[in-house]
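> Below are the chains, spelled out letter by letter.
Number of protein chains: 2
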Amino acid sequence: MGIDMKLIVKNYDIDASEPTVLLHDNDCLEIGVKENDRVSITGSRSAVALVSRSDTLVEEGTVMMPAALLERCGVTDGGEVNVVYCQNPDSVRSIRRKMDGEKLSKEEIESIVTDILNNKLSKIEISAWLTALYINGMDIDEIADFTKAMANTGDIIEFERQPVFDFHSLGGVPGNKITPIVVSIVAAAGIMIPKLSSRAISSACGTSDFVETFCNVEMDADSLKRVSEEVGGVFAWGGAMNLAPVDDMVIKIEHPLGINPRAQMLASIMSKKVAVGATHLLVDIPTGSGTKVPTIEVARAYARDLMDLGEKLDMHVECAITYADQPVGNAVGPNLEARECIRILEGNKHPASVVEKACDCAGIILEMAGIPNGSARAREILDSGEAHKKFMEIVVAQGGRPDLKSDDLVPGQYSEDIIATKSGYIHSIHNKDVVAIAKAAGAPNDKGAGLMIYLKKGQRVEAGEKLFTIYADNEAKLRRARETAMKYPPMDIEGMLIKRVSSVPVR
Amino acid sequence: MGIDMKLIVKNYDIDASEPTVLLHDNDCLEIGVKENDRVSITGSRSAVALVSRSDTLVEEGTVMMPAALLERCGVTDGGEVNVVYCQNPDSVRSIRRKMDGEKLSKEEIESIVTDILNNKLSKIEISAWLTALYINGMDIDEIADFTKAMANTGDIIEFERQPVFDFHSLGGVPGNKITPIVVSIVAAAGIMIPKLSSRAISSACGTSDFVETFCNVEMDADSLKRVSEEVGGVFAWGGAMNLAPVDDMVIKIEHPLGINPRAQMLASIMSKKVAVGATHLLVDIPTGSGTKVPTIEVARAYARDLMDLGEKLDMHVECAITYADQPVGNAVGPNLEARECIRILEGNKHPASVVEKACDCAGIILEMAGIPNGSARAREILDSGEAHKKFMEIVVAQGGRPDLKSDDLVPGQYSEDIIATKSGYIHSIHNKDVVAIAKAAGAPNDKGAGLMIYLKKGQRVEAGEKLFTIYADNEAKLRRARETAMKYPPMDIEGMLIKRVSSVPVR
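So the sequences go chain by chain: A and B. In this text, residue positions in the first sequence follow numbering that gives the first Met the number 0: the first is 0, and each later residue adds one. In this text, residue positions in the second sequence follow numbering that gives the first Met the number 0: the first is 0, and each later residue adds one.
Source of the hints: derived by calculation from the structure; they are not laboratory data. Relax, there's no trap hidden among the hints.
Distance condition first, Cα-Cα at most 25 Å in a straight line; then the derived SDA-like pairs of lysine to any residue:
1) Lys33(A) with Pro18(B)
2) Lys251(B) with Asn118(A)
3) Lys33(A) with Ala67(B)
4) Lys251(B) with Leu116(A)
5) Lys251(A) with Leu116(B)
6) Lys431(B) with Ser39(A)
One chain only, chain A, in its complex shape (with noise of 0.2 Å):
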């Protein structure tokens, strides 16, 4: 991946989420200071800092404050402010424990999280706390203390009307454009599902990228529970909400060590749903090679664990696992998956692959209803056109056109067919290459980037027949699409000789 990009500089100072000040070492003998210990600085008003020492770069009796500091500590350049040592948060101690192996409390690991949000944890402290977890773990009392105490970072929405249903998709595979399909034919049904999705974190595009394509996601609190309540149903942005915030900051730590604990992701997760008050939930776990979850042995231990941490929670989790190993569907980018999605509520039966998982995901949610035979019931829901109306309630409820038609949704007007060049069966999809060619075309920022596969596992190709085809917005990143696309060939192509075994024994 990776385009360069020409961008004007600013000289700045930095980063009031970590703010440091720079001491010389024989004032930070005198205050009894090390590298990266706090002091609390105070000049009209108080303010915690860490310390960077020197003995070149700062003068003695000056400490040198970032503005944002200078300000927070109600003092200006020149001024005089008063610093002392101030000791590490409780929390580093309850960190540690961690990194003992010991279980924790319910109110240290409330601390931790509360000291994370409010910016009390230095990286290097949040770091330790990640690796920790990832290595030593947490029991299911601990994870759901922890859950807990995320939710509790943020706001808590109470629906009246009860129960509130919740779907939840553990992601990493392509063309997963099925949230709208279901929440349209759970609230067609009559059960209450006030959906939240995010954006693309790693992936080409999140639920919440293709469904702005055609309404807004951006929803308060209020508004997600009045539109619920009445109509149902929406599929929301949750970011624009304040539900466990801390998650974000959390992310921005694990992210560089290409880590995701079990404890904090599970944590992550059910927070949220916690947050935003969810009765039942339902969780895909996608699993294939290539996407989070490789194996059904894997899967099912996820799906233990998130039973288990729901029952913890008072809630009724129940758990699909589904196939990953290529794309769902043919679409990938926002506005071809917007018109995928639209035209099976139109009424296409096509691809299968999304009407299926579509219709099992809403059924497993009407049986949990006790609505019985879920799936076909769905499937009636979906056919009968009951899904799309409702459909269309939640998106002109969500500023959306009431005229909306899939068509509306165009792919990227700079395109290039990809042929195969030699005939053969589709041995393998590579969700991570499709995802880093959609990309490289500007998904998820450019709406009518992303692929069209025409040919799924499994399926029989000629020689000259079209793979896939790229969408973009502009020709240089057309350009840099088919470059990735040639480096890593999302698709493989083979004769159905897997492997020839011979008699003639090897000399």
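Go by the hints and put chain B onto chain A.
Frame of chain A; chain B shown alone:
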């Protein structure tokens, strides 16, 4: 602890050790970078920086860069740079392998160590590394590779004269002023011992802190070689030389976490011994409550590790487990310790705890060099005045006065006696409280600051008798030290009755 301090404020822009640039969210999507990813920034030159994202603090099309980074990229405010995603160093993958409990190869360990040295790893990554080391540890082969990699980050001193003896104390016990005595005895016996010491890290007085009261401790590698080869020994400060410099960078991250992973600690000690070319090493392991090594069992484990590591490094290592339940000798603080140390070299037989520990340690080194009955021989060298003669040679070689006398070292002019309020036996002396009082009095920066302790464990004290005297160079610090002593009394006095056992059953 913790004194507060008035300082003049200067606005600044931060921190060349971990340069961070601020980019707009949309530009980040375009470039394909997330928070705490790296970008390569090219003006007339290139540099790598970490990414911080915002959609409010920075305009689209703009990169905000601290002044030091502008300089390194050869660009000025308002100029243009090229910004492109830059992969994490490979060492991040090795850090993750250590998180997963894997054994790292020599090459992986080297790359982590050099990337830390060259500021290529962020605080987040170094913190994760140390946490993983703390939890998952290293086997002795890895620690040997780690030791060599750390040594190779700096200069390696090669002595013409061989063998090279060295001495190290794990520290943690106040008043441990034996180093100049040990070095003087050993060098007087014709054995070369180029001993490098440190300043206080968390203690009240490191060896270099009191040695510098009577001679210069800053010495470059050439002087170290010359003086050691001519005179037979030094007691200089290691910090003036470029020996295993990566260690200081790691300490800054370890310190706020309050951890010292075994592998890091062993490699840290041994890398400096490798760098100084030691062929023979005695390690003093002070053991007792309130030190780094609480029990004999833990001390034995450290000794085993150090000797195994010595074998891998082709270094003859022996260990002395020493008693450290209370301060060594009576004096704590720079001038006070220097005076007590020099008095012993001048012929004073007290305090016996210092004399005996010094002769026992020197004796082991003599035996390592093939001299029988080491301890007795060391005592002869001390009693005969040969050690004092050698001591004065070293002092003069380090720029000290040839007429140096112990009484040249005077305690601070402000003092206060602390009196026993009841009669009884000294039941315990708390090292940590002794250190806290000496630091409150101004040690190690104020050379006259410290304590003289008159009574040790098990001795009888009468009400009204002096327990210890606090010395300081100014009144405010004397007051602060007294307050510390009142709050954290360093001595427990008890009647000899430990517990009364009654035959009357408890109701």
